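Listed below, chain by chain, are the residues.
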Amino acid sequence: MNRQAVIAGAIALVFGGAAQAADEITVMSWGGAYTKSQVEAYHKPWMAETGNVVNSVDSDNPATPIKAQVEAGNVSIDVADVEYSDAIRLCDEGLLEEIDTSMLPAAPDGTPAEEDFIDGALTDCAVANIVWSTVYAYDTTKFEGNAPTTIADFFDLEGFPGKRGLRKSAKANLEMALMADGVAPDEVYDMLESEEGVERALAKLDTIKSEVVWWEAGAQPPQLLADGEVAMSTAYNGRIFNAAIGEGQPFEIVWDGQILDFDLFVVPKGAPNAEAAMDFIAFATDTQRLADQASWISYGPARKSSGELVGLFNDGKTEMAPHMPTAEANLAGALVNNFEFWADRDTEISERFNAWLNI
Amino acid sequence: MSTTAPPAPLLPSNAVDSTGPITAADGTPLQTALSRATRKARIRAFLLVAPLLAFVVLTFVAPIGQMLWRSVSNDSFSANMPALTAWFAENEALGSDGGPEGDGIPGEDAFEALATDLKGARENRTAGIVGTRVNYDLSGTRSLFTKSARQARKLEAPFKAALLDVDEDWGDAELWSVMRSASRTYTGDFYLAALDMQRNVDGEIEAVPENRRIYVPLFVRTLWLSALIAGLCLLLAFPVAHLLARLPLRYSNILMIFVLLPFWTSLLVRTTSWMVMLQSQGVVNDLMVAVGIVGDDGRIQMMYNQAGTIIAMTHILLPFMILPLYSVMKTIPHDYVRAARSLGATPSTAFWRIYFPQTVPGIGAGVLLVFILAVGYYITPALVGGSSGQLISNLIAFHMQKSLNWSLAAALAALLLAGVMLLYWLYDRLIGIDNMKFG
Chain A
1 MNRQAVIAGA IALVFGGAAQ AADEITVMSW GGAYTKSQVE AYHKPWMAET
51 GNVVNSVDSD NPATPIKAQV EAGNVSIDVA DVEYSDAIRL CDEGLLEEID
101 TSMLPAAPDG TPAEEDFIDG ALTDCAVANI VWSTVYAYDT TKFEGNAPTT
151 IADFFDLEGF PGKRGLRKSA KANLEMALMA DGVAPDEVYD MLESEEGVER
201 ALAKLDTIKS EVVWWEAGAQ PPQLLADGEV AMSTAYNGRI FNAAIGEGQP
251 FEIVWDGQIL DFDLFVVPKG APNAEAAMDF IAFATDTQRL ADQASWISYG
301 PARKSSGELV GLFNDGKTEM APHMPTAEAN LAGALVNNFE FWADRDTEIS
351 ERFNAWLNI
Chain B
1001 MSTTAPPAPL LPSNAVDSTG PITAADGTPL QTALSRATRK ARIRAFLLVA
1051 PLLAFVVLTF VAPIGQMLWR SVSNDSFSAN MPALTAWFAE NEALGSDGGP
1101 EGDGIPGEDA FEALATDLKG ARENRTAGIV GTRVNYDLSG TRSLFTKSAR
1151 QARKLEAPFK AALLDVDEDW GDAELWSVMR SASRTYTGDF YLAALDMQRN
1201 VDGEIEAVPE NRRIYVPLFV RTLWLSALIA GLCLLLAFPV AHLLARLPLR
1251 YSNILMIFVL LPFWTSLLVR TTSWMVMLQS QGVVNDLMVA VGIVGDDGRI
1301 QMMYNQAGTI IAMTHILLPF MILPLYSVMK TIPHDYVRAA RSLGATPSTA
1351 FWRIYFPQTV PGIGAGVLLV FILAVGYYIT PALVGGSSGQ LISNLIAFHM
1401 QKSLNWSLAA ALAALLLAGV MLLYWLYDRL IGIDNMKFG
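Quick note, the sequences are listed as chains A and B, same order. Each residue of the first sequence is one higher than the one before, starting from 1 at the first, in the working numbering. Each residue of the second sequence is one higher than the one before, starting from 1001 at the first, in the working numbering.
Quick caveat, the hints were computed from the structure, so don't treat them as lab data. Owing to the predicted nature of the structure, the values given are computational and were not obtained by experimental measurement. One should not assume that every hint holds.
Only part of the chain A face toward chain B is listed, based on derived beta-carbon distances under 7 angstroms [unchecked claim]:
#1 208
#2 211
#3 352
#4 355
Ranges between beta-carbon positions, derived for each pair [unchecked claim]:
#5 1168/B x 100/A: 54 to 64 angstroms
#6 140/A x 1295/B: 19 to 29 angstroms
#7 1298/B x 53/A: 49 to 59 angstroms
#8 1064/B x 106/A: 24 to 34 angstroms
#9 1119/B x 196/A: 46 to 56 angstroms
With a Cα cut of at most 25 angstroms, we get these calculated DMTMM-like pairs of lysine to aspartate or glutamate [claimed, not checked]:
#10 1147/B x 328/A
#11 168/A x 1167/B
#12 1147/B x 144/A
All C-beta atoms in this analysis are idealised placements derived from N, C-alpha and C, irrespective of residue type, glycine included.
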């Protein structure tokens, strides 16, 4: 082997990625059990079928890096998994590629994708993959014989003493506080439109403020509960499911006052591999893939046709259906997140919430 | 016969000619030659530092300058609403009783410009950018822009009636006042917001309602906690540094390792270690419960509050106090204190009058270093500070990462920078920067 061949070989090794025919895309999600469910249900089958490569990266909120990357003209994410209000906002600001929904595959029975997805699951720039919810969960060992059952119990420090975990943001906390204060779910957002409504919610939060441990990443609440650092905490329902069923932790979800939301796939403007990204989204949101995802974590699929395909958890014995936020029994007292309200009011309410929280 | 030989000329004869300019060996004036020689040296010196200079400018000055520039320059309105911006520039402010109907609402021509811009915004997908900008100052207006832009194609004259039909909020005097100030690319409004102030309908500056004031109290808290942490560091570091300086080298070297080891350990590792130690189910609380100092239900909350921030930051910044103190104390001869004692000074007099004044340069350096580092601290308060232990940098991060209001983040950062520089200047005036010794 002469020297030139060695050098050429070294160069090929260094720049090998570029020379490959297969596409490589970067998918950003929320980490922990949720990312794992996507890797198992979407990434691996897609890689096996197309020969492309998926880099999975995580963030506390994948919407955050998108603006920075697009504005800096240095986009490294091809697909991001974001919340509804962020999908709307980023789309309105021209930071996302538009997604042609006609490329999405039809349901197995031939129903076109536009009709197969739940209402609101398709927007100009985003395709929903799951329905998730913010719930609260408690450590059953701390409330033996007297378990909390309603959202009001979360705010009842006398009846149910112990530290509380809450997400460090206005979103979900204000709605839950109002529902705990006796406001009916369908009146919550009307009430929050007014300043008195926000103040009323904050006053309710004031009653537990001294006992609150604030969390930011979705993986934290199960950790805080497991450490015994809090007795109950709000959390994304799938995280609690995975800790309780998957890892056998003594956690129980209270569905009363749950707040339903979508997670959606978006493609940032100027994504390095937009074409493969679109192909990935079409693949990942087909009927079977969405149903598969639900066997890894208890988030509901965004397609109606996936519902009947949802079976057992990957432990082979737990029926997933009753753990879904969309299960009939869990929907009593549920609130659907009003994305437009938050896209509009987030600035003002976050400012007020920050002032309340920090001062 | 001896004749005194004329002294050999030391310099070319013209050099001693006192009337002409002094010249070098090759005949050029000495001044020119000298400046040529030093210029060469200067260029060489400059070339040697040029890589560093370019590096600093490219990676530090330029990005920071560009970021701070955003605090006074935001063109998201003017770039995307050109017609209305031009209308604002041509027409004077209306005030709350201006406009054709005396209600602070402009007439048809302004609405026509607005409709034109909304149509453009619809095509270019920029309605959200404009809405977000206006929403900073007047909440709830973001969807007004996106909704109206969606329906812009259908708008026909008379535009005022048509737009009011789309949404009656277009007839809000405050909205027009806010749009006017947003239409200025260069604005001080973000600094107003960063100082908990705003403009009212008539464009006058006023304080925001009490329950929305956050940045000024947080600035105050940041400065106060930083001062407290610097003070605690000084109290803890002084005896340690003294001990290190006085012990024989073989012992002090070992002790120095204990100071430097945490200094070399990752910040995140140290912060999370404190979380393990101090949380309510953590090592310290478990120990206190086991010994019986507190009951199991009386565990002390030392984490996720101000106490957590103070404890963790004091520990993390301690080496920055010990090292300058140590380097100064090392140079103070012990004979001075001994001499004072032999001349009859009490231990405390000898310490305060002889030893302490000589350590002041080290104290100055340490306090300034710790204080300035603490003022900009972000990750530790974010992790262990809960809500009462947050500093201003956490709010800057919030606006950088969550609300995406970069102009406000830049304004807050600029104020923080200005505050630190002011303190530095004060320090220089009071103590003198030349007196500082980093070691």
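Verification of the hints:
A cut of 7 angstroms between beta carbons decides the hint on residue 208/A: the least distance to chain B is about 12 angstroms, and the hint is violated. The closest approach between the C-beta of residue 211/A and any C-beta of chain B is roughly 9 angstroms, which is over the 7 angstroms cut-off, so the hint fails. Interface hint at residue 352/A: satisfied, since its Cβ lies 6 angstroms from the closest Cβ of chain B, which is below the 7 angstroms cut-off. A cut of 7 angstroms between beta carbons decides the hint on residue 355/A: the least distance to chain B is about 4 angstroms, and the hint holds.
Checked against the given bound of 54 to 64 angstroms, the beta carbons of residue 1168/B and residue 100/A, roughly 35 angstroms apart, lie outside it. With their beta carbons about 23 angstroms apart, residue 140/A and residue 1295/B fall inside the hinted range of 19 to 29 angstroms. A beta carbon spacing of about 54 angstroms between residue 1298/B and residue 53/A agrees with the range 49 to 59 angstroms that was offered as a hint. Judged by the Cβ atoms, the range 24 to 34 angstroms given for residue 1064/B and residue 106/A is violated: they are separated by roughly 52 angstroms.
As the Cβ distance of residue 1119/B to residue 196/A is approximately 38 angstroms, the hint placing it in 46 to 56 angstroms is violated. Proposed proximity of residue 1147/B and residue 328/A is contradicted: the alpha carbons are some 34 angstroms apart, above 25 angstroms. Restraint check for residue 168/A and residue 1167/B: the C-alpha separation of about 34 angstroms exceeds 25 angstroms, so the hint is violated. A hinted pair counts as satisfied when its Cα atoms are at most 25 angstroms apart, and residue 1147/B with residue 144/A does not qualify at roughly 51 angstroms.
Checked against the numbered hints given earlier, this structure breaks hints 1, 2, 5, 8, 9, 10, 11 and 12; the rest are met.
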